[in-house]
Structure formats: C-alpha cells, structure tokens
Amino acid sequence: MREDKSERNSKRSRGPQLSERDRKTVFRRSSSRTRELRSKQTSRHEDERKRVGILVPSIYFIDSSKNLIIYERIVCGNNESVPSAKTFLDELQQQSDKAEFEKISSQFGHKLGSIIQNMHSAGLIHGDLTTSNVLVKKRQDDTST
1 MREDKSERNS KRSRGPQLSE RDRKTVFRRS SSRTRELRSK QTSRHEDERK RVGILVPSIY
61 FIDSSKNLII YERIVCGNNE SVPSAKTFLD ELQQQSDKAE FEKISSQFGH KLGSIIQNMH
121 SAGLIHGDLT TSNVLVKKRQ DDTST
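Straight run, no breaks: the sequence shown in UniProt numbering ends on number 145.
The reader is advised that the hints may include incorrect statements.
Unchecked claim - Distance ranges between label pairs, derived from CB positions:
#1 N79 / I116: 27 to 35 angstroms
#2 T87 / S58: 17 to 25 angstroms
#3 K98 / S58: 34 to 42 angstroms
#4 E102 / K66: 17 to 25 angstroms
#5 I59 / A99: 23 to 31 angstroms
#6 I74 / A122: 17 to 25 angstroms
#7 Q95 / K137: 13 to 21 angstroms
#8 Q95 / R51: 32 to 40 angstroms
#9 D63 / L92: 34 to 42 angstroms
#10 P57 / H110: 17 to 25 angstroms
#11 L92 / S65: 35 to 43 angstroms
#12 K137 / N67: 23 to 31 angstroms
Said to hold, decoys possible - The calculated PhoX-like cross-link candidates involving lysine-lysine, where the alpha carbons are at most 20 angstroms apart (straight line), are:
#13 K86 / K137
#14 K86 / K111
#15 K66 / K111
#16 K111 / K138
#17 K138 / K103
What the hints contain is simulated information worked out from the structure, not anything from laboratory work. Where is the CB? At the ideal position from N, CA and C, for every residue including glycine.
Working from the sequences, and respecting the hints, build out all of it.
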C-alpha cells in the first residue's frame with residue numbers, strides 16, 4: 001500500500017519524457033474536461049487524418065456538455081458493421097490454426113504499425129489506441145485487410 005497519496009504509480013505505457021509539469025497538468029484535469037478537450041481535438045484533426053490517408057469515420061455531431069460524439073457508421077459491402085481490430089483478431093484466432101493466425105496477425109500488426117507511423121509523421125496522435133478503437137475494413141481490390 002502506498003503511503004504518499006500524491007505519488008504516481010509508474011506504468012510502462014508512460015514514457016520517461018513526461019515532465020513533472022505535464023504530470024501535474026494531467027492530474028488537475030477532471031475527466032469531463034478531458035473528454036471535452038478530446039472531443040474538440042477529434043473534430044479538429046478529422047480533415048488532417050483524411051488528408052494523410054488515414055481512414056476515419058466522419059463526425060456528424062459533438063455535444064460537449066454530454067461528452068457525446070456521433071460518428072459515421074462504417075459498413076462492409078454487405079452492409080454489416082466493420083469489426084474492431086479486437087473482434088477481427090479474436091475471430092481470426094478461433095477460425096485459424098496457430099500458424100495461419102500468427103502469419104496473418106503479424107501482417108496485420110505490421111500494417112497497423114505503418115499506419116500509426118504515418119499518423120505520427122503527420123503530427124497526429126490517437127490518444128486512446130487500443131484494438132477496440134481500431135476498425136478493420138477489407139480493401140475492395142483485395143482480400144487482405
């Protein structure tokens with residue numbers, strides 16, 4: 001148990017470059033204020049993401065008071081919702097043998113890494129990058145994702 005309540009737990013996901021000033025700023029923000037800032041940033045960067053070739057759903061409506069963002073629904077050719085990366089990988093693992101799963105998930109990881117690199121090169125940071133927050137859509141011209 002921690003005695004000093006102001007001490008911050010270290011997490012591997014936090015880089016050592018996070019300054020003390022940044023740490024204090026992060027702690028001072030309320031969760032609703034943080035969500036409001038994210039909503040505004042999401043809206044502001046939508047055009048930039050599309051310009052650099054990152055496929056993102058369009059934003060239809062933002063209600064900062066309710067911390068609500070309404071996005072375009074992304075569908076496949078058969079009008080089904082596009083799965084998240086988590087769903088894609090879970091289904092792939094269930095439907096494939098180990099070797100096939102490792103091959104395809106490795107290719108997927110490299111492709112996703114390349115996309116994230118392009119975003120970062122353009123100065124765009126996701127902010128909450130998880131497999132649940134990435135949509136996987138097959139390309140029209142190809143059977144790969």
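Do the hints match the structure? See the list:
| no. | hint | result |
| --- | --- | --- |
| 1 | N79 / I116: 27 to 35 angstroms | holds (29 angstroms) |
| 2 | T87 / S58: 17 to 25 angstroms | holds (22 angstroms) |
| 3 | K98 / S58: 34 to 42 angstroms | holds (39 angstroms) |
| 4 | E102 / K66: 17 to 25 angstroms | violated (43 angstroms) |
| 5 | I59 / A99: 23 to 31 angstroms | violated (41 angstroms) |
| 6 | I74 / A122: 17 to 25 angstroms | holds (21 angstroms) |
| 7 | Q95 / K137: 13 to 21 angstroms | holds (18 angstroms) |
| 8 | Q95 / R51: 32 to 40 angstroms | holds (36 angstroms) |
| 9 | D63 / L92: 34 to 42 angstroms | holds (36 angstroms) |
| 10 | P57 / H110: 17 to 25 angstroms | holds (24 angstroms) |
| 11 | L92 / S65: 35 to 43 angstroms | holds (40 angstroms) |
| 12 | K137 / N67: 23 to 31 angstroms | holds (27 angstroms) |
| 13 | K86 / K137 | holds (13 angstroms) |
| 14 | K86 / K111 | holds (15 angstroms) |
| 15 | K66 / K111 | violated (35 angstroms) |
| 16 | K111 / K138 | holds (12 angstroms) |
| 17 | K138 / K103 | holds (17 angstroms) |
This entry does not satisfy hints 4, 5 and 15, going by the numbered hints stated previously.
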